[in-house]
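> Start from the sequences, fold in the hints, and give me the full structure.
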Amino acid sequence: MSEVFRLEGVGKSFISGRESLEILKGIDFSLNEGVSVAIQGKSGSGKSTLLSIMALIERPTVGRVIYQKVEAQDLDERGIAELHARRMGFVFQNSLLLEDFTALENVALPLMNIALSKRESYERAEGFLQRVGLGERLAHRPTELSGGERQRVALARALVTKPSVLFADEPTGALDEESARMVEDLVLETVSEEKLALVLVTHNPAFASRCERVLTLSGKELHE
Amino acid sequence: MNEALRLYIGRKIGRGQSRAWCLRSYLSSLLVLLVASALSFVLVFVASMTSAIDSTLQRLGSGSIAVHEEIPENLLAPDATICRTETSGGLLYSEDRSILVYVKGVEEDYLEKNLFSRLHLESVENTTSLKGIWISRIMASRLGVQIGDRLTLMLYDSGVNRVRPVLLFLEGTYSSGYNEFDEKLAYTSIDVTDGPTIYEVRCSDVEENLEALRARGIECESYRTLFRTVYENLEVSRRLLSLIAVLVAVLAGFFSVSVAGEYIERDRREIASMLLLGVERRSLVKAYRLITIASVGISALMGEALGVLLSFLVSPILSSLDITKYPSLQNYVIDFSVKVPFATLVLLFSALVFSSYISLRVSLKRSVFSSLASALR
Numbered sequence: 001m002s003e004v005f006r007l008e009g010v011g012k013s014f015i016s017g018r019e020s021l022e023i024l025k026g027i028d029f030s031l032n033e034g035v036s037v038a039i040q041g042k043s044g045s046g047k048s049t050l051l052s053i054m055a056l057i058e059r060p061t062v063g064r065v066i067y068q069k070v071e072a073q074d075l076d077e078r079g080i081a082e083l084h085a086r087r088m089g090f091v092f093q094n095s096l097l098l099e100d101f102t103a104l105e106n107v108a109l110p111l112m113n114i115a116l117s118k119r120e121s122y123e124r125a126e127g128f129l130q131r132v133g134l135g136e137r138l139a140h141r142p143t144e145l146s147g148g149e150r151q152r153v154a155l156a157r158a159l160v161t162k163p164s165v166l167f168a169d170e171p172t173g174a175l176d177e178e179s180a181r182m183v184e185d186l187v188l189e190t191v192s193e194e195k196l197a198l199v200l201v202t203h204n205p206a207f208a209s210r211c212e213r214v215l216t217l218s219g220k221e222l223h224e
Numbered sequence: 001m002n003e004a005l006r007l008y009i010g011r012k013i014g015r016g017q018s019r020a021w022c023l024r025s026y027l028s029s030l031l032v033l034l035v036a037s038a039l040s041f042v043l044v045f046v047a048s049m050t051s052a053i054d055s056t057l058q059r060l061g062s063g064s065i066a067v068h069e070e071i072p073e074n075l076l077a078p079d080a081t082i083c084r085t086e087t088s089g090g091l092l093y094s095e096d097r098s099i100l101v102y103v104k105g106v107e108e109d110y111l112e113k114n115l116f117s118r119l120h121l122e123s124v125e126n127t128t129s130l131k132g133i134w135i136s137r138i139m140a141s142r143l144g145v146q147i148g149d150r151l152t153l154m155l156y157d158s159g160v161n162r163v164r165p166v167l168l169f170l171e172g173t174y175s176s177g178y179n180e181f182d183e184k185l186a187y188t189s190i191d192v193t194d195g196p197t198i199y200e201v202r203c204s205d206v207e208e209n210l211e212a213l214r215a216r217g218i219e220c221e222s223y224r225t226l227f228r229t230v231y232e233n234l235e236v237s238r239r240l241l242s243l244i245a246v247l248v249a250v251l252a253g254f255f256s257v258s259v260a261g262e263y264i265e266r267d268r269r270e271i272a273s274m275l276l277l278g279v280e281r282r283s284l285v286k287a288y289r290l291i292t293i294a295s296v297g298i299s300a301l302m303g304e305a306l307g308v309l310l311s312f313l314v315s316p317i318l319s320s321l322d323i324t325k326y327p328s329l330q331n332y333v334i335d336f337s338v339k340v341p342f343a344t345l346v347l348l349f350s351a352l353v354f355s356s357y358i359s360l361r362v363s364l365k366r367s368v369f370s371s372l373a374s375a376l377r
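From first to last, the protein sequence lines stand for chains A and B.
One point on numbering: in the numbering used here, the residue at position 142 of the first sequence is 142, and numbering is uninterrupted.
One point on numbering: in the numbering used here, the residue at position 68 of the second sequence is 68, and numbering is uninterrupted.
Hints are computed from structural coordinates only; laboratory data are not their basis.
Please read these numbers as outputs of a predicted model, since none were measured by experiment.
Keep in mind that the hints are not guaranteed to be accurate.
[To be verified] The calculated DSSO-like cross-link candidates involving lysine-lysine, where the alpha carbons are at most 30 Å apart (straight line), are:
| # | chain 1 | residue 1 | chain 2 | residue 2 |
| --- | --- | --- | --- | --- |
| 1 | A | K25 | A | K42 |
| 2 | A | K162 | A | K69 |
| 3 | B | K113 | B | K184 |
| 4 | B | K286 | A | K162 |
| 5 | A | K25 | B | K131 |
| 6 | A | K69 | A | K118 |
| 7 | B | K131 | A | K118 |
| 8 | B | K339 | B | K286 |
| 9 | B | K184 | B | K286 |
This is the structure we're talking about:
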């Protein structure tokens, strides 16, 4: 299995007033294709910040992030956008769907962004929505969908470009138990079917335990 | 631009949105439309009035160029005309009232040749042996006379330094719409007056003709020099107003986007989401540039068109006003043909769109681009 990305000696500090607040320190981590990893930790321990660094949403203060032998620091904006578009998928607690777009358009948008034709994008998006059980809700806007349905649309959107890694930050955090369970199953099933790497940030130990690796972030460091 | 951005822009400018969404979202555009229409109306009004005063100064003053000696016509551009006039001061008497007048002695065809239909001339045929006089309607009303009445002019002859009475027939009245002249300018035959002679040159290119005359050492002045104060006041007012209009447009542009701030704030996560889907920042900036141009630009354009249209509609109403009833209007020419100041309107449009775009770009940078991670939370 080849490596998807690697962190070497990553640290992150924020400036708060005159003081520097260190959130992460000396984190080494690597993720191989098809492996699912759950990251747990207390609120404010820096889980989401770590995921943001892994997903090239923000830069570490120190250390290196390496994506398939390319250092993230060497990537320009276009390079990062290219990685986001083709190699990564995202599901967040708030589904981050585009409110003015239908479920179908939300899922088709990433495909159109990587230069697929409109027709092909809609066809493939429809297939993914059917796969997450929303074949009947194609023309519905996010405001017309339940929390669970919104997360399923977000999952379809994250997977439709066939990325190599899925980043999920508390994907079930705002859902009721039943919807949460359904989304958990769907995330793990599709990740396994698509042979994707998964980085899951969750407070839910049961969900975390279903991943192949479970890491805990405490004292600014990551422990297996 | 790829399909994703096209779809995004289309949706943001209202394509495929409900009517309620459009109404809510275009409130700020309505503001731009109103500001642009008000500003362009004022600009058109001022430009038209300035141009009307400018042409009135040439028409009723001493032509485009006042020359103090006789000149051959071939010295001037082909479109130039020359009229001999004499000017004098005097007192004009009706049966029971009198007013101080500035009398211009003119040749027979002068009024027909130079004052045109713009002066709303009214006249009767002079069947008497008296020489005719033309006064403004304001003067006629002050003297309590009507066309066809007799008037006595106590004329000051500068050559012999004496005052002489002349009985005149009120042949006609005029109205220039500009109180500066309407209050004191009277026309009579050049045979009646005995003052300094001025050759009035009327031409389209004042500077060119002025240079030609000065090159020959001929003593002359342009209407801009003769009416320097009026002219400079006009120019200063016009420039100041254009500047104020552009500044207001800039402020309106910023304000329109700050009104739309809640929509940008609402879009914050969507923009962050688009970035995560792999859309480049510069593409999003380009998209928002188009969204701004589409919403602010179109409303600014519509507002300007509305302002210009209003000017055309209001002009006949203003022209029909009796300015003697409105003292505040008496220093303006309100009877004017509409002149659209295209360059200033283009500047106004650019100021509106540019300030909106800059404001939007700053908001984008502040709320999303500076920290994508916090925009996602």
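> Each hint needs a verdict: does it hold in this structure or not?
Hints, one by one, checked against the model:
1. A:K25 to A:K42: Roughly 16 Å separates the two Cα atoms, so the pair holds.
2. A:K162 to A:K69: 20 Å, holds
3. B:K113 to B:K184: Holds: K113 (chain B) and K184 (chain B) sit about 21 Å apart, inside 30 Å.
4. B:K286 to A:K162: 27 Å, holds
5. A:K25 to B:K131: 107 Å, violated
6. A:K69 to A:K118: 33 Å, violated
7. B:K131 to A:K118: The given pair, whose Cα atoms are some 87 Å apart, is violated under the 30 Å limit.
8. B:K339 to B:K286: Answer violated: K339 (chain B) to K286 (chain B) is near 36 Å, above 30 Å.
9. B:K184 to B:K286: With Cα atoms ~61 Å apart, K184 (chain B) and K286 (chain B) exceed 30 Å; violated.
In the structure shown, a violation is registered for the earlier hints numbered 5, 6, 7, 8, 9, in ascending order.
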